[in-house]
Structure formats: C-alpha cells, structure tokens
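Please build the complex by placing chain B on the supplied structure of chain A, with the hints as guidance.
Number of protein chains: 2
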Amino acid sequence: MNLQKWFGCAHWLPQYNREWLASDLVAAVVVTIMLIPQSLAYALLAGLPAEVGLYASMAPLLAYAVFGSSRAMAVGPVAVASLMSAAAAGQFAQGDVALFYQASVALAFMGGAVLILLGLLRAGFVANLLSHPVVGGFVSASALLIALGQLGSLLGVSAKGETFFETAVVLVSKITQIDWTTTAIGLSALLWLWAARKWGKGVLKSLGLKGLGLEIAFRAAPVVAIVISILAVTVLQASTVRTVGNIPTNLPGLFFPSLELASWVDLLVPAVLIALVGFVETVSVGHALAAKRKQRIDPNQELLGLGAANIASGVFGGYSVTGGFSRSVVNFDAGAQTPMAGVFTAGGILLATLFLTPLLTNLPHATLAATIIVAVLGLIDWHLPKMLWRYSRRDFFAYGLTVLVVLLAGVEAGIIAGVVFSILALLAGVSRPHLAIVGQVPGTEHFRNEKRHKVRLVDGVVSVRVDESLYFPNARWLEDVLLEIAAGKPGTRALVLQCNAINHIDASALESLEKIDENLGAMGISLYLSEVKGPVQDQLALSDWYKAIQSRIGLTHLDTLEMAQQALS
Amino acid sequence: MNLQKWFGCAHWLPQYNREWLASDLVAAVVVTIMLIPQSLAYALLAGLPAEVGLYASMAPLLAYAVFGSSRAMAVGPVAVASLMSAAAAGQFAQGDVALFYQASVALAFMGGAVLILLGLLRAGFVANLLSHPVVGGFVSASALLIALGQLGSLLGVSAKGETFFETAVVLVSKITQIDWTTTAIGLSALLWLWAARKWGKGVLKSLGLKGLGLEIAFRAAPVVAIVISILAVTVLQASTVRTVGNIPTNLPGLFFPSLELASWVDLLVPAVLIALVGFVETVSVGHALAAKRKQRIDPNQELLGLGAANIASGVFGGYSVTGGFSRSVVNFDAGAQTPMAGVFTAGGILLATLFLTPLLTNLPHATLAATIIVAVLGLIDWHLPKMLWRYSRRDFFAYGLTVLVVLLAGVEAGIIAGVVFSILALLAGVSRPHLAIVGQVPGTEHFRNEKRHKVRLVDGVVSVRVDESLYFPNARWLEDVLLEIAAGKPGTRALVLQCNAINHIDASALESLEKIDENLGAMGISLYLSEVKGPVQDQLALSDWYKAIQSRIGLTHLDTLEMAQQALS
Numbered sequence: 100m101n102l103q104k105w106f107g108c109a110h111w112l113p114q115y116n117r118e119w120l121a122s123d124l125v126a127a128v129v130v131t132i133m134l135i136p137q138s139l140a141y142a143l144l145a146g147l148p149a150e151v152g153l154y155a156s157m158a159p160l161l162a163y164a165v166f167g168s169s170r171a172m173a174v175g176p177v178a179v180a181s182l183m184s185a186a187a188a189g190q191f192a193q194g195d196v197a198l199f200y201q202a203s204v205a206l207a208f209m210g211g212a213v214l215i216l217l218g219l220l221r222a223g224f225v226a227n228l229l230s231h232p233v234v235g236g237f238v239s240a241s242a243l244l245i246a247l248g249q250l251g252s253l254l255g256v257s258a259k260g261e262t263f264f265e266t267a268v269v270l271v272s273k274i275t276q277i278d279w280t281t282t283a284i285g286l287s288a289l290l291w292l293w294a295a296r297k298w299g300k301g302v303l304k305s306l307g308l309k310g311l312g313l314e315i316a317f318r319a320a321p322v323v324a325i326v327i328s329i330l331a332v333t334v335l336q337a338s339t340v341r342t343v344g345n346i347p348t349n350l351p352g353l354f355f356p357s358l359e360l361a362s363w364v365d366l367l368v369p370a371v372l373i374a375l376v377g378f379v380e381t382v383s384v385g386h387a388l389a390a391k392r393k394q395r396i397d398p399n400q401e402l403l404g405l406g407a408a409n410i411a412s413g414v415f416g417g418y419s420v421t422g423g424f425s426r427s428v429v430n431f432d433a434g435a436q437t438p439m440a441g442v443f444t445a446g447g448i449l450l451a452t453l454f455l456t457p458l459l460t461n462l463p464h465a466t467l468a469a470t471i472i473v474a475v476l477g478l479i480d481w482h483l484p485k486m487l488w489r490y491s492r493r494d495f496f497a498y499g500l501t502v503l504v505v506l507l508a509g510v511e512a513g514i515i516a517g518v519v520f521s522i523l524a525l526l527a528g529v530s531r532p533h534l535a536i537v538g539q540v541p542g543t544e545h546f547r548n549e550k551r552h553k554v555r556l557v558d559g560v561v562s563v564r565v566d567e568s569l570y571f572p573n574a575r576w577l578e579d580v581l582l583e584i585a586a587g588k589p590g591t592r593a594l595v596l597q598c599n600a601i602n603h604i605d606a607s608a609l610e611s612l613e614k615i616d617e618n619l620g621a622m623g624i625s626l627y628l629s630e631v632k633g634p635v636q637d638q639l640a641l642s643d644w645y646k647a648i649q650s651r652i653g654l655t656h657l658d659t660l661e662m663a664q665q666a667l668s
Numbered sequence: 100m101n102l103q104k105w106f107g108c109a110h111w112l113p114q115y116n117r118e119w120l121a122s123d124l125v126a127a128v129v130v131t132i133m134l135i136p137q138s139l140a141y142a143l144l145a146g147l148p149a150e151v152g153l154y155a156s157m158a159p160l161l162a163y164a165v166f167g168s169s170r171a172m173a174v175g176p177v178a179v180a181s182l183m184s185a186a187a188a189g190q191f192a193q194g195d196v197a198l199f200y201q202a203s204v205a206l207a208f209m210g211g212a213v214l215i216l217l218g219l220l221r222a223g224f225v226a227n228l229l230s231h232p233v234v235g236g237f238v239s240a241s242a243l244l245i246a247l248g249q250l251g252s253l254l255g256v257s258a259k260g261e262t263f264f265e266t267a268v269v270l271v272s273k274i275t276q277i278d279w280t281t282t283a284i285g286l287s288a289l290l291w292l293w294a295a296r297k298w299g300k301g302v303l304k305s306l307g308l309k310g311l312g313l314e315i316a317f318r319a320a321p322v323v324a325i326v327i328s329i330l331a332v333t334v335l336q337a338s339t340v341r342t343v344g345n346i347p348t349n350l351p352g353l354f355f356p357s358l359e360l361a362s363w364v365d366l367l368v369p370a371v372l373i374a375l376v377g378f379v380e381t382v383s384v385g386h387a388l389a390a391k392r393k394q395r396i397d398p399n400q401e402l403l404g405l406g407a408a409n410i411a412s413g414v415f416g417g418y419s420v421t422g423g424f425s426r427s428v429v430n431f432d433a434g435a436q437t438p439m440a441g442v443f444t445a446g447g448i449l450l451a452t453l454f455l456t457p458l459l460t461n462l463p464h465a466t467l468a469a470t471i472i473v474a475v476l477g478l479i480d481w482h483l484p485k486m487l488w489r490y491s492r493r494d495f496f497a498y499g500l501t502v503l504v505v506l507l508a509g510v511e512a513g514i515i516a517g518v519v520f521s522i523l524a525l526l527a528g529v530s531r532p533h534l535a536i537v538g539q540v541p542g543t544e545h546f547r548n549e550k551r552h553k554v555r556l557v558d559g560v561v562s563v564r565v566d567e568s569l570y571f572p573n574a575r576w577l578e579d580v581l582l583e584i585a586a587g588k589p590g591t592r593a594l595v596l597q598c599n600a601i602n603h604i605d606a607s608a609l610e611s612l613e614k615i616d617e618n619l620g621a622m623g624i625s626l627y628l629s630e631v632k633g634p635v636q637d638q639l640a641l642s643d644w645y646k647a648i649q650s651r652i653g654l655t656h657l658d659t660l661e662m663a664q665q666a667l668s
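First to last, the protein sequences are chains A and B.
One rule links them: number in my numbering = place in the first sequence (from 1) + 99.
One rule links them: number in my numbering = place in the second sequence (from 1) + 99.
Only chain A is shown next, with the shape it has when bound in the complex:
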C-alpha cells in the first residue's frame, strides 16, 4: 500500500530542511497576527463564544498538515462558512444555546465525514455542481447578509432577522436605540481598517518599510484596532459597550456532540452544503497557489485534508473550517513552503489562547464587527453580474436567482435554488441542440450549414448534422425534428445523419434512433449515419439495431451520400 496516497505530508516531510523551517516560521508569525482577530470575529459571526474560533484555529491546521496536498493552504474559520453554520445551527436549535453549540460542532464533524467519504470514493466531482455563477452569487449575497448583520453590532443594537430585508427592517426600527459610544468605537475601527486596506501598504512603504517588516506591519492593522479599542473601553469604563468578556484560558477538551440520530439527519443537508462550498473555495485557492510554484494539488487529497481538518476541529470543540482565500494568499506571500507553517501557526494560536485571552475581556464586539465587514465586502465580485449579463443570459439568471433567494430566504435555500436552476438550464440546453441541414461546399469534401454557406444539395437525399451528444434529454426532440424535416421535404428518399459532433448515444437515444429508422422506413425513407466516432460505433455494435443499420453507416459524409444515392438509383 502506498502511504502517499493517504498522507499528503509524505510528499514533503522527508525532505524537510532548515531553509523551509525558517520560511515557515516567518509565515506563521504573519498568519498568527492576522488570525487572532479573525478567529474571534468569525466565531461571533457563527453565533458562538469567541474562544471557539481559537479552538477551530489549532487542531485543524495540524490535521491538514498531515493529510492535505496544498503547500501554502491556511485552513481555519472563514466568513461564509461561519454564516452558513450559524444559519443551520440557529434553525435547528430554535434559541437553545447549548443545542446551538452542539449543532455547530456536529456540522463540522459531519461535513468532515462527508468530505472524507467523497475523497475515498474519489467523487470530488459532485462539487462541480456548484457552478461559477452560483458560487459567485452565493458569496456576494452572503457577504451582504453578513455585513448587514454586523451593522447591528457596530451600532450597539441587536438586529437579527430571518432574512436580509427583515434584518434591515429591524435595524431601521431600532435606529433610536443606537449606543453612541459603541458606534464611535465601531465606526473608528471600520474607517481605520478600510484606510489601512486602501492606503496602508503605500504609507508603510513611504516610511521605508519593505519585505517581511512591511508585511507584518500591514497585517497588524486589525491588531492595532483591537488594542486601541480595548484601551478605549478600559479607560472610558464604557459599560454600555458590549465586549467579548471573560475568555477561558484553558485548552479545549475532547468533545463529541450528544445528539440523537434524527438530529444528525436534520443537519445533514446544511453540513454537506457547508462542506462543498468550503471545498470549492479550498481547491480554487490551492490550484492558484500551486501553479505559482509549478506545483500541483490533488483535489481528492484536498477532500481528505479538509475533511480531516473539520473532524479535528469538532473533536476539540471547534466548528466548520475551510481553506480561506485571503489568509492562504498571505501565508504564501509570507513565504510558507509547507503545511509546517500551519503547525507553527497553531502553536501561535495556542500561546494566544493561554496568555493573551485575559487581555481581551474588554474587546468590543463592534471592533470585531468592523473587521468582519471589511473582510466580507472584499469578497464581493462587483464586476461579475455585468460580465455574466454580457457573456451568457442563462448564467446571469443563475447568478441573479442565487443572490435573490439568499437575500429573501437564506443561504441554504439560495444555494439549492441556484444549483437546481443550473442543472435544469443545462438540461434544457442539451434538450434542444443546434441542428443544421448541410450541403457540400462546391469543389471540396466539406459539408456546411445550408443557411450559412452556398452549398450543393442532392435531390432526394437530406443531410442533417446535430451538434450535441444524443442523450435522453434530446432523444425525443430528435424524433420530432427528423420526422418533421422528412415530412417537410416531399421528394425525400434518404436521410443522412452526420455524427461528427456526437460523443455519446445513450439507451434512450438508441431507442429513438431505432424508432426514427422505423418511422422513416414507413415513409419510404432510408436512414444513413456518417462519421460515427470510434467509441460511439463500438457501443452501437452492442445493440440489436446494429445489425439493421450497420450497412448504412459510412466513413466520411461524402462516401455515405454516394452510398445513399447508389441505393436509390
């Protein structure tokens, strides 16, 4: 048995050297600085105590290091998965706090199990059902949902609605209850983070910083916001400002959700969706980073890595984790050579959990809300809808539908609506392929669409080309359209189907071809096939109909046309 098949680390651990160690350590410092505020903030976004974000930032990194295949991936809590987890756990727990936590951890366990199962079955292709417009629409709409939800924390009011518009209405109705101290802290943090993101690098460069120092200083902007806002709350003794409060400094114990089987079943669909959305993002980041170093990742290995990370998260009482885009890019840019950087990051978070958390008691929710808002608004691809509208209306509608349903009915419904629409639209497209009556381009052996080119047609013989494989979605269409063509050209004695664009013929299409042959026969018209691809001909040979049609299959279209004409004369 090949160990490398299961353990991604077998690819790099044996060659691990001092040079890599140095690079990985430096990357770990940068990522740890970035991760501390993020992990606290995303835990709150997921509806969980802040420390759960820290728990989800240790064990998963170790598990991914053992099983993952991407060198610079940084797994941990991310915004979209946190929102999805909060929505699913909230719907399940109906206000019961203990049950909410159990459900959040169960989602990580189950999502991890699903990913590992898909990895073992090498069935990662199911994630492909999440098309680009659906994922794009989903992430954008989720970002809006998250940003609006955090606006309440930023202003010091509690505004939680079931949908985007409900939250907006609640927020407006509470406009008089705004806490101005909280708002001052939150808006200051927001402005600071936004300015740091926009001008930070430029300012730091003009101060003479470069390389690693620049990177660390730039990534420390949220930490600065946190330190200042903690100081502000402490100095002002601002009791109206909601803060993180006491965070336990002990490490998480082993945990397993004590839920009934029926509860696990209830949580299965959201667990699968969270896992697949996370997987899609992880693979996408993984490919991009690997290509920059001429490496590659194995999507099935990523399933194992991300699955193990989620289960590790659950075992230590954490929630769903994903390979985050921006965090992984930072890890890569800071020089991470192997997932050992993640192991060191986990160590950094461990130290923070043990020694830093007592200092965070006075950290205002508003500051964390500001970091979330800035992060998620960066996830929105404002350019995408225009691009889709121009490129393909069908893809645009898939995008628009996903956005609308996410905002009107929630994240789960939105992603399901988008996927179902995409599949039905694909089937609708396949069900009515492009079809052309073709004729010979004079002086050549080429046959082209009679509507687009000046071509020579033969009396009594119609040539038809279908630009699609023949499947059940278009099998009956083919019957309709070929019989219509035959009935519409009274003198027709033979019909030649040019099969050069047909990659498959399934059993439904076979049945339809047989019926077409039979029905055309009843009309005194012979059916011929030309340019049938090798694999398709091999499969046709397995059918009973092959005996009947075999002598009417020609190699080139011209050959077949001549064959048909000879039979007529």
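To be clear, the hints were calculated from the coordinates, so they are not data collected in a lab.
Check before you lean on any hint, since a few could be wrong.
[What the hints assert, rightly or not] With a straight-line cut-off of 25 Å between C-alpha atoms, the simulated DSS-like cross-links for lysine-lysine are:
hint : chain 1 : residue 1 : chain 2 : residue 2
1    : B       : Lys485    : A       : Lys646
2    : B       : Lys485    : B       : Lys393
3    : B       : Lys550    : A       : Lys485
4    : B       : Lys273    : A       : Lys588
5    : B       : Lys550    : A       : Lys632
6    : B       : Lys553    : A       : Lys632
7    : B       : Lys588    : A       : Lys104
8    : A       : Lys588    : B       : Lys300
9    : A       : Lys393    : B       : Lys485
10   : A       : Lys550    : B       : Lys632
11   : B       : Lys646    : B       : Lys588
12   : B       : Lys632    : A       : Lys632
13   : B       : Lys588    : A       : Lys391
Below, chain B without anything else, positioned relative to chain A:
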C-alpha cells in the same frame, strides 16, 4: 391569429368526406367493443366506481378531436395512469371514499391544466427528463404491481398493501379465505383471454374470417368473457362472488372538486407525474402511427389535445386519461382516418351507458381483473433489461433502480428516483469527458489520440483534445487535468487545446479557462486554442478574456501548433 395553431381539427375537418366517415364509423365500432370492458376494469383499478370509467371515455374523446394533432389516437382510461391515480388519491384521502373520488377528479383537472400550460409555453421538452430506461422500468414495475393487486380480486380476497411485497404477504396470509366460485370464474376468464390473445387470430382465420370481421371477432373476446361470466353468476346465483352491482344509467353531470387550495397543492406532484407519463406514451404512439401514413404530429399540439381531454374528463366527473398504445393501434388498424372516429366511439360509449349498464349488475370483479392482468402483462418489455445491461450499465442501473423503488416504495417514488438518478448520471458523465493527448499522423494534417495511433509529437508543445462541451460540471475537472498534464511533462512550454468537439463554453468554463491560462502562465506555459467553432468563438468574443487569448486562437490545429512553435523559437 392562426386558428390552426390552437385547434388540431382545423387540419382535417374542412376536408372531411364520406369516405373518411365510413372508415371512422367502422373503427369506432371496433374500439367501442374493446373500450367497454376496459373502461369498467380500469376504473376499478383506479379505485373508482365502474361508471367513472365510462364517463372518462366520452368527453375526453370529443375534446381530443378538437385540439389533438394525431389522426388515429384513442384517448381514455389506461392501466398505468389508473394505478398512479389510485396511489395518489389513496395517499391523499386516507380511506375517505368521497375525498378519494374528489382527489381522482382533481388529478385529471390539474394534470390537464399542466399539459395545456406546457403546450402554451411550448415546453414539452420537460417530458424528455423521463428517459427510456426510466419509463420502461416504471411501466414494467407498475404492471407487476397492478397484476399482483388484481390477483386478490381474481381469487375473491381483499389484498391491498402499500407496496408490492406487502401486498404479496397479505395475499399469502389470506390464502385460506379464497372464494372458489370467484376463482373458478376469474381463472377461466384469464385462460380464455390469454388463449384468445395467443391463438385467437389464427383460429378465427382458419374459420375463414378476414378483414374487419376478423378484427371485430378478435376484439370481442373480452366481451364474450364478460357475457359468459355474467350468465354464470346469474344462473348459479353465486352470492359470494363480488360483482359490479348497480351502475347508474344517467349521464354524468357537470362536476368540480370542492377541495381547499392546500389539497390541490398536495396533489400537484402526482398530477404532474401522471400527466407527463401519459404525454410520453401519447407522443410515442402518435409518432409511430403518423409515420405509417407519412403524416406527422406536433408534440406541443398533443400537449393541448391531451390537456383538453383531461379537463373534459374532469368536468364530467371522470379521471385521468391518456392516449393508450394498444387501443390507438386497434383504432388505426381498423381504419380510423381522423379523430372523428373518437367522436363516434364516444357515441358508442354513451349508448352503452344508457342501455347496457343494467345488464352489467352481475358482472364479477374477477372477470375484469382477468382483463386487466392480461392487458398489463403485455406492457412488460421482458427483453429490455438484457438489452440495457449489454448496451450501457448506466442505463441499466437507471432501469433497475426505478423498478426496485416502484416495487418497494410505490409508483411516485420510483419515477422520481429514476429521473434523479438519470440526471445525476448524465452530469457525472459530462463531468469527466473523454480527453486525449493528440499528435500528428505523419504525412497528413490529421491529429489523433497518441494512445490509439502512431503519431508525431512536438517537443515542448502538448496538444490536448476534449470530446465534450465545456460546462460547469466539467469546468474544474478541466483545470485539474490540464494542470496535471502540464506539470507531468516538465519540458512543456505551450499547450494547445483542440476545440473541435466543443459546442458550448458556459461562464463557469470560461472562468476555468481564464484560470488555466493564468496558472499555466505562472508555470511559463502558453495556452493556445485551435479549431474553435464559429458560435463558440462568437461567444468568447463577448468576454474580457478574449482580448488576452485572441491572438492565441488558430484556425486549424496544424496552424496553431506552428504558431506556438514560432512563439517559442
């Protein structure tokens, strides 16, 4: 406005003549003889009073005559739709007889409305989702379900289970309660009908009958069984034999189900399924019969015709109707020229309702059960599973799954399972297309799979052909596989994608191609496209990426290869 667009009869009514009248009248006599026992039997199968079968055999024929497009179609109650109607109404009514009847009529109304809506939207293609293996498996399993269910009536015991196996168990447990008089009548009828079906035509021919006389005599076999069994019950005064009882001789009044909106919603899914299954059968028969006379049918017109027939059925208190296969073939063979034959048949059934029904009081259920069993066993295509196993495992599994789920969980669940599996299997196939690394066949301009042919490969340039359109199900697969090929051939400097089998590129695939271009670029490899089809190139031109890739799209593959080589040197 073009009247012909809505009224199928506009195609033939203006030319109606004496010759057609004579043919249609004769066909109507034959079909009426066949239809009387069938309509009674199928009504019982649908769980309804026998006269409802008669109601469903009048108005629908008139409505179809006005709107339908097939000349020899005979619409009315059929076995499979009756079973589906019984299952849906039974689940809905939970034992309430009045509610059961309301639901049965509501299914006809709603099914009719759905068909008309699809016809107006010209969206008949949704019926294509019912693939050949799914329909075949569904019909076969339903036939088994029906036959087993009727076995109880044949033996004079009540044996109704939720599933095939439950019914079988109940039947076995009641083996001691068999009524021997009923069984004697039922088995005699079964043997008679089976023998008549198998040898009837031969015997009648040897008696010198031919043409129309032969046809009428042959079709009268069930009538003979009915007459003899009525006489037997009457003479023997067999009180243990369950009979049809008093059938009202008055005509049906106008009817509309008095159900709440929520109840209509509950019945929507089964109504849609019954309507679609019926539509698929109707179109299939229609095409076959039309082709024999070099006519054609319009599937969208069939939607209107069948929809109107179902609504007409409901308006007069009937239940779901379909264009039956065997009945339409009989109609055609007996010489029906136009749907006027159906109008005359409706007249025949009207006369039967008024004057014949008093004679049917002593008609045993067992005799009707025998006619149903013989009819449905004829629906099973015993050859299909072997054919599918040989031709395509995927289609075989779709068939097997449908059969199993119908038998284990019922007709509705079976058809849904089959359709969902077919769609997922299609997507799975699309998600991993055939891909070949191609090289030049020496001395030609052709490029072929390096694994199948001796070809010339160029150092530093890899040529890849994908035999499928690029859609979201295979977009990420394409990223994985192209990056793997590039990483696996270290000296690669250019990759040429031959696009001659690509009929579409959707937005997800566009995004993937952009990423591939970017990621290959990061590896120092240039991406080229060759033989891009006209419509695909037109669409690519709408994307931002086109500016970047435009200069790397070549006309023929050879041109493109030379272009890539020049850029390298």
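Tested hints:
1. B:Lys485 with A:Lys646: holds, 17 Å
2. B:Lys485 with B:Lys393: With Cα atoms ~33 Å apart, Lys485 (chain B) and Lys393 (chain B) exceed 25 Å; violated.
3. B:Lys550 with A:Lys485: Distance ~43 Å between Lys550 (chain B) and Lys485 (chain A) Cα, so the pair is violated.
4. B:Lys273 with A:Lys588: violated, 63 Å
5. B:Lys550 with A:Lys632: holds, 16 Å
6. B:Lys553 with A:Lys632: Distance ~18 Å between Lys553 (chain B) and Lys632 (chain A) Cα, so the pair holds.
7. B:Lys588 with A:Lys104: OK: Lys588 (chain B) and Lys104 (chain A) at ~21 Å, within 25 Å.
8. A:Lys588 with B:Lys300: violated, 39 Å
9. A:Lys393 with B:Lys485: violated, 49 Å
10. A:Lys550 with B:Lys632: holds, 16 Å
11. B:Lys646 with B:Lys588: violated, 28 Å
12. B:Lys632 with A:Lys632: holds, 18 Å
13. B:Lys588 with A:Lys391: Satisfied, since the Cα-Cα distance of roughly 17 Å is no more than 25 Å.
In summary, the structure is inconsistent with hints 2, 3, 4, 8, 9, 11 from the numbered list given earlier, while agreeing with the others.
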